[in-house]
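Undergrad: Protein chains in written order, with my numbering: chain A, 25 to 380; chain B, 25 to 380; chain C, 25 to 380.
The set of hints was computed from the structure by calculation and includes no laboratory data. One or more hints might be untrue.
When chains are identical, the list treats them as one kind, so a pair holds in a single copy or across two.
As the list claims (entries may be wrong) - With a cut-off of at most 27 Å between alpha-carbon atoms, the simulated DSS-like pairs for lysine-lysine come out as follows:
hint: 1; residue 1: LYS61; residue 2: LYS105
hint: 2; residue 1: LYS231; residue 2: LYS114
hint: 3; residue 1: LYS132; residue 2: LYS244
hint: 4; residue 1: LYS334; residue 2: LYS66
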Amino acid sequence: MSSTPIGQCQPYDPRNANYPLNLWWVAGRSDELEDGKLVSRKLLGTDVLLYRKSDGSVAAMEDRCIHRGLPLSMGWLDGDKIVCRYHGFKYSHEGKLVEIPTQERCPKRGALRTFPIVERAPFLWIWMGPEGEADIEEVSDFPWLRDPNWVWAGGHLNIMANYMLLKENVLDLTHFPFVHQTTFGALDDYEAAATFVQEGSRVAFIKEFNNQPLSPIYNKDLEWGDRLVNRTDKGMSVSPAEHLFTATIVDPNAGPGERSEYLFRFQHLTTPETNTTHHYWWAASRNYGVHDDASAWIASIAQTAFAEDKEVLEAIQRRINESPAPLELPEVSAIADQGGLMARRQLQAYMERESR
Amino acid sequence: MSSTPIGQCQPYDPRNANYPLNLWWVAGRSDELEDGKLVSRKLLGTDVLLYRKSDGSVAAMEDRCIHRGLPLSMGWLDGDKIVCRYHGFKYSHEGKLVEIPTQERCPKRGALRTFPIVERAPFLWIWMGPEGEADIEEVSDFPWLRDPNWVWAGGHLNIMANYMLLKENVLDLTHFPFVHQTTFGALDDYEAAATFVQEGSRVAFIKEFNNQPLSPIYNKDLEWGDRLVNRTDKGMSVSPAEHLFTATIVDPNAGPGERSEYLFRFQHLTTPETNTTHHYWWAASRNYGVHDDASAWIASIAQTAFAEDKEVLEAIQRRINESPAPLELPEVSAIADQGGLMARRQLQAYMERESR
Amino acid sequence: MSSTPIGQCQPYDPRNANYPLNLWWVAGRSDELEDGKLVSRKLLGTDVLLYRKSDGSVAAMEDRCIHRGLPLSMGWLDGDKIVCRYHGFKYSHEGKLVEIPTQERCPKRGALRTFPIVERAPFLWIWMGPEGEADIEEVSDFPWLRDPNWVWAGGHLNIMANYMLLKENVLDLTHFPFVHQTTFGALDDYEAAATFVQEGSRVAFIKEFNNQPLSPIYNKDLEWGDRLVNRTDKGMSVSPAEHLFTATIVDPNAGPGERSEYLFRFQHLTTPETNTTHHYWWAASRNYGVHDDASAWIASIAQTAFAEDKEVLEAIQRRINESPAPLELPEVSAIADQGGLMARRQLQAYMERESR
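Chain A with its partners taken away, still in its complex shape (with noise of 0.2 Å):
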């Protein structure tokens, strides 16, 4: 896997690796490793098999048997060892060759590799770097998906695009209007472009929206109607693998002792699969309401709006994937692309430091 510094230009090369591998990435989802689940994934260009050990911890490693490689995801397990469907080769979930049945010794060197993992439910984390450089500190949580003061619904898409691309969707909502005529866009009035800052190796957007009626997918439990409200949202490319938004809703009406803040979250959560596709894992939360008709219409919602970003940008990778080496498409740039050109040079300053 050869990974190139990106410049200004676009990091979309089909030909070259455009993510850090150091640094933690969303893995899966913790209801996906139900008792003796085996799950075979494509992480940053390499196969992984994740699943769940009796402790209830969570196991990760190549998913190869080092004999003759056969997906070990196509064999069974035996506890928490894991068997090869050809010949039986049994590995720890160390990824420690442990058994080969046709004889009484196992070769010291028959060691798959195995990855850092560690499980934040409902996301698992995983470290794909170099060995010993993972540090758990890092690795990033959503506690309040947990907690039972918020409600979420969530999905996952597999997009055939480069997940920057995604990514800088993500920082435009001025696509809204467009993309999401029927969605979003009748939501929130994006005609306007962000504030965008820098906070640290973070980048966000800004944006406020004061004394208006609430958007439907905010209001949908409040049923405030037309009251006049603040709304302001914040969006953050924490790093290349996670985006958070948060649209914080006060009711400046609120009576004393009343409830006056409200709050509505996305995370965005990006995984390359390869050069020219992505895992996205989303998720839609809030700290209010718990009408479950609304919560089933926002999923709905959020679920059709995402399938017409996939739909976009798939529609960009096809050409950026027809198109003859060197990569070098032409690109304007709007105001309001400030967001995704500062997350190029996030990307870049992930890949630089990895090359030192």
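Following the hints, put chains B and C in place on chain A, whose structure we already have.
TA: For chains B and C alone, kept in the frame of chain A given last:
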């Protein structure tokens, strides 16, 4: 895009473009551009957006937003302007970026490449060579297709084979008894090679069928039965883009004042899509007969026959595509291939002129 | 086609051909060539046309017209001659161009490459190495498949994996309990590795199952129930093209004058199609039993089991195909792999002989 001059040998190497840019090529048909319809078509390796303006003329430009690369054909028209579906970038029909919804001013360098396009109904001709070298005087026209004394039918095939395979196909009709046994094969005596002539840059074949009964496709309207008449076929590769076939039928027994000459014409119009695929527009026209059922029968026969050619040409191309580079397929030519070989030289001359 | 000598390591690089040309390979089965039938089959990377002549022998030649490259298998036979569907070029069964319909004489250099082909029913063997080096004495034969005292069933699979993956598969039957749990897995005790021996250029394994009840696949006809008998399995890679397995069953309790020996044989015949795919013909034969339902049951078990192998081998090859060049997949071998590793050296010897 690389262009390689060709020699006597096969010009079909999938790795090389074997088409001149400095030529008017058919881009589509007039009747494709219904009100507001956006047509995206890959021509000479480039994705082109086509639409009809309010004044009735046609716009042709790169089908790729200069902002972030979405095909503009996924957007919509606003009057004569095209709006990108991603962030609403708006372009004039001259490809000039005229509006970014989120800001007041547009960068001046925001321009799409446009292409001269000329309508000669029922066909649209495009120039994709260097700007300023397009000469509208050189655009072909088939005025008889607009003449009320003529009737015609036509179709479009997207053939997964290099366009030169079709050029060679229509220059040597001795394939009729083999490829078109149940369609054109029953029509005509192409058991011997035609006579080939060079007329300036044009390549033609001529074949006379004198004192013979008329083949069914010509006879359908005339209903002459076995009457012995004279027919002269002339097929001409006018350019790499255009092949014109004319059958001139003469009734030697026409009395004084009676009509004695009848014309039947096939237009074969080929435009490369990629190095290994092309667009093929055909039209079958005649200046006699107004029987609707004859027209339908002729169209149906032609459609079936061209599908037979498609099957043959695509089988040849598949084998070419699987051949290792450099392409040096053995090839033995027959006398009947003279025209096809002359067409390769015709193409070579076009290519050499371009690389000067 | 490039040939690379292989070492101990994996010979499956999709970028290299790992098969000798100087060898008789199976091209098909006798019963495929019904009257007038044209079979097109890619063998060792070359498209070959096969058909049966009027004298009952078989013709094999390049499946590509020397004129303009159409597969001749799209044409038809005229007696023993093959007619191209495009322009009617006609070739003798010796590949000589004998007629161009539109001219009197044929160019002398118009000849297709033909291939020596020998029928040893039920198989056809082809030689694709240098002309003149084919030695008919070296063609394999399985005369028992034509012996009325034997019964057999067989099949053909087109496996999307390098043929050496199958060679190694049939040399190490310890995969039975894992891949074939519900088919062969239930049959036999292949829980320990066999003994491997080199017999000249041949590689074999031997394993004895003495004083044991007979496995169902062997017992189906004999109906011996739990009677304790002796069985010796011997599997042999005769060449890269051929693997022969024989189970010799001996009934120690047979009375004087009673039959005591029974043979069951599997033929595993592999022919590379491309660098990453192969043809696999198998035949299961035995010299006892005439129960039709036993034969059907054996054929059905074998078919299901070989489909299980196909699934495994194709999963391995997909991962190989996705691996970056140069191919250096980690590999740990077991004692049971001895035979497979010997087969790689067997192949290497064939390849080296060829490059002298």
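Undergrad: Quick one: LYS132 to LYS244, C-alpha cut-off 27 Å, is that within a copy, between copies, both, or neither?
TA: neither (60 Å within a copy, 43 Å between copies)
Undergrad: Given identical chains, is LYS231 near LYS114, meaning Cα to Cα at most 27 Å, within a copy, between copies, both, or neither?
TA: between (55 Å within a copy, 24 Å between copies)
Undergrad: Within a copy, between copies, both or neither: which one fits LYS334 and LYS66 at a CA-CA cutoff of 27 Å?
TA: Both ways: LYS334 and LYS66 sit 19 Å apart in one copy and 23 Å across, limit 27 Å.
Undergrad: Evaluate LYS61 and LYS105 at a C-alpha cut-off of 27 Å and name the case that applies: within, between, both or neither.
TA: within (13 Å within a copy, 53 Å between copies)
This entry does not satisfy hint 3, going by the numbered hints stated previously; all others are met.
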